[in-house]
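Novice: One letter stands for each residue in the lines below.
There are 2 protein chains.
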Amino acid sequence: MKLNLMYSFLNTDLQLIEKELEQAIQSDKQLLQEASLHLLQAGGKRIRPIFVLLAAKFGDYNVNKIKHVAVALELIHMASLVHDDVIDDAELRRGKPTIKAKWDNKIAMYTGDYIFARAIELMTKIEHPDAHRILSNTLVELTKGEIEQIKDKFDFDQDLRTYLRRIKRKTAILIAASCQLGSIASGASKEVSHSLYLFGYYVGMSFQITDDILDFTATEEQLGKPAGSDLLQGNITLPVLYAMKDTNFKDKVLNVNENTHRDELQELIQYIKQSESIDRSIALSDHYLNKAFKELEKLPNNVAKRTLNNIAKFIGKRKY
Amino acid sequence: MKLNLMYSFLNTDLQLIEKELEQAIQSDKQLLQEASLHLLQAGGKRIRPIFVLLAAKFGDYNVNKIKHVAVALELIHMASLVHDDVIDDAELRRGKPTIKAKWDNKIAMYTGDYIFARAIELMTKIEHPDAHRILSNTLVELTKGEIEQIKDKFDFDQDLRTYLRRIKRKTAILIAASCQLGSIASGASKEVSHSLYLFGYYVGMSFQITDDILDFTATEEQLGKPAGSDLLQGNITLPVLYAMKDTNFKDKVLNVNENTHRDELQELIQYIKQSESIDRSIALSDHYLNKAFKELEKLPNNVAKRTLNNIAKFIGKRKY
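Those protein sequence lines, which keep their order, are chains V and F.
According to our numbering, the first sequence is numbered sequentially starting from 3.
According to our numbering, the second sequence is numbered sequentially starting from 3.
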């Protein structure tokens, strides 16, 4: 089953959110408008808005209220991608030039700041002190995660704990917050919100681990950027951490830097693909997914629960 | 009268705010902590917290509540300075190396993001929907101002209106918001908050114009960076706009870029200093100050009003 067929009952609401996203980044500054629109039109799975809407189905669902949360969370995700691409010197995202590549680092920095400010502005339409506290704590963790990503770059001595903490901050927390804020803003109970938070957290961990696996196993066409980009940018991900148990591989990978030749990188990718590290990574991803499924069981039965279950299954099996 | 003697009755509260600022930027990430502390310890006039506290005196003053607003606004100011220094390729601020100079642009970007996120987090301690809306609108304007600053760099054809709109967004709005949020958070009336907003806006305009004058008239020692830095970074300020009425000067200034030789820059600075452009700039600064004084007259008499009056007078006469 295709991802977008799982939540076709949300289509009208998701179209509304797409429109609101476009409106949110409108600016009288042509440069800002162009750069933000470029990013928006590059697409993305809109997984955070989808989680917000589904989580809101556990409370008093009102799309005209919940849309602000959905749009704000997607904007925060977008803003963090723009700043990430500066850190990673990334040229391509989803097959299109990044803002830093099409314009420059400075424009990227301020486009990120602008989108971020717009997100905060939208969230003020939600009058729920808890929601604001959760969102702002999430933002602090997110920035810490990004600083960790800078600090840990090309650090081949980091351990599994460092990796897991980093992807928690970088990815899982924002997905967890999407589920939590969707339910809180629609007045769901504390127990339901907490289970949805945990569900989002576990799914987010699995999602990022899968992303990190696909960076090696998917094709350039599927990725929208060359395979092995993470490694070339110095981001040491789970498959690399596992593969480094082999000292031969470790000796070779230690020499990787931004200028490593394509052939040399290909050799490392091949090693990772034929080693056990991909299977071990999938196992850890599955471990988090199982935890996610267990959290879901605690929730009342409804179409949103079934959909969250299907999306989680999809995330565990996705090929790109 | 020295600036800090004007508000000595706030000393205990300002010391508290200084402590809270240090606490706010504490992080388990050593790099973030060092970079943020470096910025904090480089000093600054803390004019935004001072305005927050004084404005709060028009309502039900409670330092343990209002401190969050004061700290949040100073943090937002700090975060915007860090990102500004990236845009301006600035090496020095207040006589100390900037974060981008001591570390690099990427660290500066994320240190700014982190301080910014911390500010938003602190503001959630204020349960006042209006305050959040005002702050977030301010942030959107602030980022627009910063994008304008990039776009307008080395654009010698910009007019006075472009300059005024830019300094409004870059400086005046945040000072206006400091006055407004201080009074709103302490429950002052709408009329009082509005007058304080306008007071802050006018003072902010005068403050930035004075800053732009001092960039030419003050010494390197007073500025903590070389004179003429704005011009060298391509920021076309009021004295330059006025001086360009002389076509001889305009012909010369058109050639300025980041690599312009010190002697050539000195010659331009000398021209500006001996021309009428400084006096005309002072006149426009005074024009805004007079408007600020007029707004103050509408406010009830108290020690805060007298202090705001004195600070505004000081800003009109300050030499650095």
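There's no promise every hint is true.
Same chains, same names: a pair is fine if it fits in one copy or spans any two.
[Unchecked claim] Derived DSSO-like pairs: lysine-lysine, alpha-carbon spacing no greater than 27 Å straight-line: (1) 192 with 127; (2) 155 with 247; (3) 104 with 252; (4) 155 with 104; (5) 227 with 192; (6) 31 with 153; (7) 155 with 31; (8) 170 with 31; (9) 307 with 98; (10) 296 with 170; (11) 127 with 319; (12) 247 with 21; (13) 31 with 98; (14) 254 with 319; (15) 252 with 192; (16) 104 with 300; (17) 315 with 170; (18) 170 with 153; (19) 67 with 98.
None of these hints come from the bench; they were simulated from the model.
Novice: Would you mind marking each hint as holding or not holding in the structure?
Specialist: Hints versus structure:
1. 192 with 127: Answer is both; intra-copy 21 Å and inter-copy 20 Å each pass.
2. 155 with 247: within (19 Å within a copy, 52 Å between copies)
3. 104 with 252: neither (35 Å within a copy, 32 Å between copies)
4. 155 with 104: both (24 Å within a copy, 19 Å between copies)
5. 227 with 192: neither (41 Å within a copy, 54 Å between copies)
6. 31 with 153: Intra 34 Å, inter 9 Å, cutoff 27 Å: inter-copy only.
7. 155 with 31: between (35 Å within a copy, 15 Å between copies)
8. 170 with 31: Between copies only: 15 Å across chains, 35 Å inside a chain, cut-off 27 Å.
9. 307 with 98: neither (34 Å within a copy, 55 Å between copies)
10. 296 with 170: Intra 19 Å, inter 53 Å, cutoff 27 Å: intra-copy only.
11. 127 with 319: neither (37 Å within a copy, 42 Å between copies)
12. 247 with 21: neither (48 Å within a copy, 46 Å between copies)
13. 31 with 98: within (22 Å within a copy, 33 Å between copies)
14. 254 with 319: neither (30 Å within a copy, 65 Å between copies)
15. 252 with 192: Neither. Shortest intra-copy (46 Å) and inter-copy (66 Å) distances fail the 27 Å Cα cut-off.
16. 104 with 300: neither (47 Å within a copy, 51 Å between copies)
17. 315 with 170: So residue 315 and residue 170 pass the 27 Å test inside one copy only (20 Å; across, 51 Å).
18. 170 with 153: within (16 Å within a copy, 37 Å between copies)
19. 67 with 98: Classified as neither; 33 Å inside a copy, 47 Å across copies.
Hints 3, 5, 9, 11, 12, 14, 15, 16 and 19 from the earlier list are contradicted by this structure; the remaining hints agree with it.
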